[in-house]
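Protein chains: 2
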Amino acid sequence: MTAVQAPPSASEVLARCRDLVRPALREAVERLHPWVAEMAGYSFGWCEVGGAPAAAPGGKGVRQALAVLGAEAAGADGRAGVPAAVAVELVHAFSLLHDDIMDGDPTRRRRPAVWKVYGTGPAVLAGDALFALAVEILAATPQGAGAVRLLSTALADLVRGQADDLLFATRPCSGPERVTPEEYRSMAEGKTGALLGCAAALGAVLGGADEPTARALDRAGRHLGVAFQLVDDVLGLWGDPAVTGKPVGGDLRERKMTYPVLAALGSPRAGGLPELLGSPERAAEAAALVEAEGGRTAALAEARAHTAAARALLARAPLAGDSAGDLFRLLDHLVDREL
Amino acid sequence: MTAVQAPPSASEVLARCRDLVRPALREAVERLHPWVAEMAGYSFGWCEVGGAPAAAPGGKGVRQALAVLGAEAAGADGRAGVPAAVAVELVHAFSLLHDDIMDGDPTRRRRPAVWKVYGTGPAVLAGDALFALAVEILAATPQGAGAVRLLSTALADLVRGQADDLLFATRPCSGPERVTPEEYRSMAEGKTGALLGCAAALGAVLGGADEPTARALDRAGRHLGVAFQLVDDVLGLWGDPAVTGKPVGGDLRERKMTYPVLAALGSPRAGGLPELLGSPERAAEAAALVEAEGGRTAALAEARAHTAAARALLARAPLAGDSAGDLFRLLDHLVDREL
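So the sequences go chain by chain: A and B. Here the first sequence stands for residues 1453 to 1791, where the numbers follow our numbering. Here the second sequence stands for residues 1453 to 1791, where the numbers follow our numbering.
Since the hints were made in silico from the structure, they are not lab data. It is possible that part of the hints are untrue.
Claimed, not checked - Computed spacing ranges between beta-carbons, pair by pair:
{"#": "1", "chain 1": "A", "residue 1": "ASP1555", "chain 2": "B", "residue 2": "ALA1506", "range": "28 to 36 Å"}
{"#": "2", "chain 1": "A", "residue 1": "ARG1623", "chain 2": "B", "residue 2": "ARG1478", "range": "54 to 62 Å"}
{"#": "3", "chain 1": "B", "residue 1": "PRO1633", "chain 2": "A", "residue 2": "ARG1667", "range": "17 to 25 Å"}
Stated by the list, open to error - Computed footprint of chain B on chain A, listed as stretches where at least three residues anywhere in the stretch have a Cβ under 8 Å from a Cβ of chain B:
{"#": "4", "region": "1519 to 1529"}
{"#": "5", "region": "1571 to 1582"}
{"#": "6", "region": "1601 to 1607"}
{"#": "7", "region": "1761 to 1769"}
Nothing here was measured: the structure is a model prediction, and the numbers come from that model. In this text, a Cβ means the ideal position worked out from N, Cα and C, and glycines have one as well.
With the hints as constraints, model all of the structure from the sequences given.
Here it is as structure tokens:
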């Protein structure tokens, strides 16, 4: 008699993929200039400043997991997706290094950001090196140019999303120039969704998937990214700082055009909101007004719509073995976290 | 009766290549996010801040010329090298944007650097976008992954050279930890030579060259880069600021480990040099001591050796048509400038 095994939880899937990818990721980083490799290792949580080994929190490894699951969805062994996983983790690390400079964020995962400890110039350089390494790794795969094209397209979208996000801060809160929810969606898809979609599609391509399957995974990852960003916005306004690691109301004080704020600004009764935004003392008042004017509800409804769209794409795609189940659980895990 | 035409001068070759590449380069930049495209256009000298057209000095276009001549050296029409030319100019622009941040240089080609006018974050982002675009363009060529590999290898060397250059400033002037001329050569080959070599080799590959020819062009370009950097060092210490656009002695005041300084530090009579370096008032005295201790002579001799090595590589390679002559004149033009 065979016991029926429960499917692995999302955390177990993430851990399995991290274990699979780690040796190749470490080997790749070791090819860098030692100083640059140290900055990369620090950002991955592998070492302290100076190079002493550490076990600081790295990321959850969502992108590498999507790449491994993408390969499995194509019917290949997850190992086929490892070069894609390494490339997308390198690109993710590169984008975090540069984003923290752009946004002036002094901390990342509860440690000083790389630019804070190594300096802005070195952090710029380390990011460039990680990007170049990711491209080199993909160019060396059998899928070569096709794989590189997927990554460079995602990168172009990521930069476009980041540029829009930086420019949103310069836009007025009302009138025809204000940021629309549609612009937000496009920004979030670029900034967060493009690399998630690319991760799954790249893994699939390396696993031998046909183009429609890779495209479905790409689109599902993009929807997941938008949903993730929306949940992030909600957590930033109403989440538990002990869990999120971010100060409550930080986005409001910085006058960030998050989705809940944009949705609330569309309400005729939110006329007082613009003057509350950016005020360090009145962040709690602003959050209450955003909630009262439906900003939280709207953001969560929008997140659910994007999760549903991602699910529908995955359900229609011909995914092999248990990969669909793993992908669904990962999706739920990412979108339902701490809400 | 046919008149015998004098071969085109290096300036004419550069102008011909710029004219050939410009439309494709402009078209590529227009694909970027408008804000990012403006920063790129500003850095190319095409527009002012705000986007108004300008005709500010761009670069000479050495890299795009090498790519076009590389294609011609392979027996192809120069147009075959245009995607390579566009990619290397984009990467060069990206590296200048980021280098100016790393080095804290407030001006570039007699205008405020991009980071000075648009901010550090936006300049980082624009550089990233240019890099991604370059990769995308090469991945779309028939040579695809092979072309991307050449570029990413050059990029890795460029980052390594830049990292070494940044770290040289932290090294002592004497003792076993001091920077050696061999370390300088490796730094200059990475920082300046890798992209010049890549430009010529990429153009050749796109023109259908075999691997030994592409490799010879790559190595010649790397020697050219070292020679170029050595001449740059000499001009920085003894050049005419009206011609170089740089303040005389700037490198000495910044305690930069240039080749003339490294060579002079090797002399037993240069014991007083370390204390002169970094002193804003004593730059002229330092330059005189570097010259007296053979720093200038050594740097120029080293530059000549690298030029000769580049010439020998080009002379041995089977280069088609007039391309060898154009390459030789370009080489002389770059190394003999204003000395």
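Quiz item: For the region 1571 to 1582 of chain A, do at least 3 residues have a Cβ located nearer than 8 Å to some Cβ of chain B?
Solution: holds (count 8)
Self-check item: Consistency of beta-carbon spacing, ARG1478(B) to ARG1623(A), with hint 54 to 62 Å
Solution: 28 Å Cβ-Cβ, so the 54 to 62 Å window is violated.
Quiz prompt | Check of the region 1519 to 1529 of chain A against chain B for coverage (Cβ-Cβ below 8 Å, three residues minimum) | solution = violated (count 0)
Practice problem: Report holds or violated for chain B covering the region 1601 to 1607 of chain A, Cβ cut-off 8 Å, minimum 3 residues. | Solution: holds (count 5)
Quiz prompt | Pairwise beta carbon distance, PRO1633(B) to ARG1667(A), judged against the given window 17 to 25 Å | solution = 54 Å, violated
Quiz item: CB of ASP1555(A) to CB of ALA1506(B), is that within 28 to 36 Å?
Solution: 30 Å, holds
Self-check item: Residues of the region 1761 to 1769 of chain A with Cβ under 8 Å from chain B, three needed, outcome
Solution: violated (count 0)
Of the numbered hints given earlier, the model fails hints 2, 3, 4, 7; all others are met.
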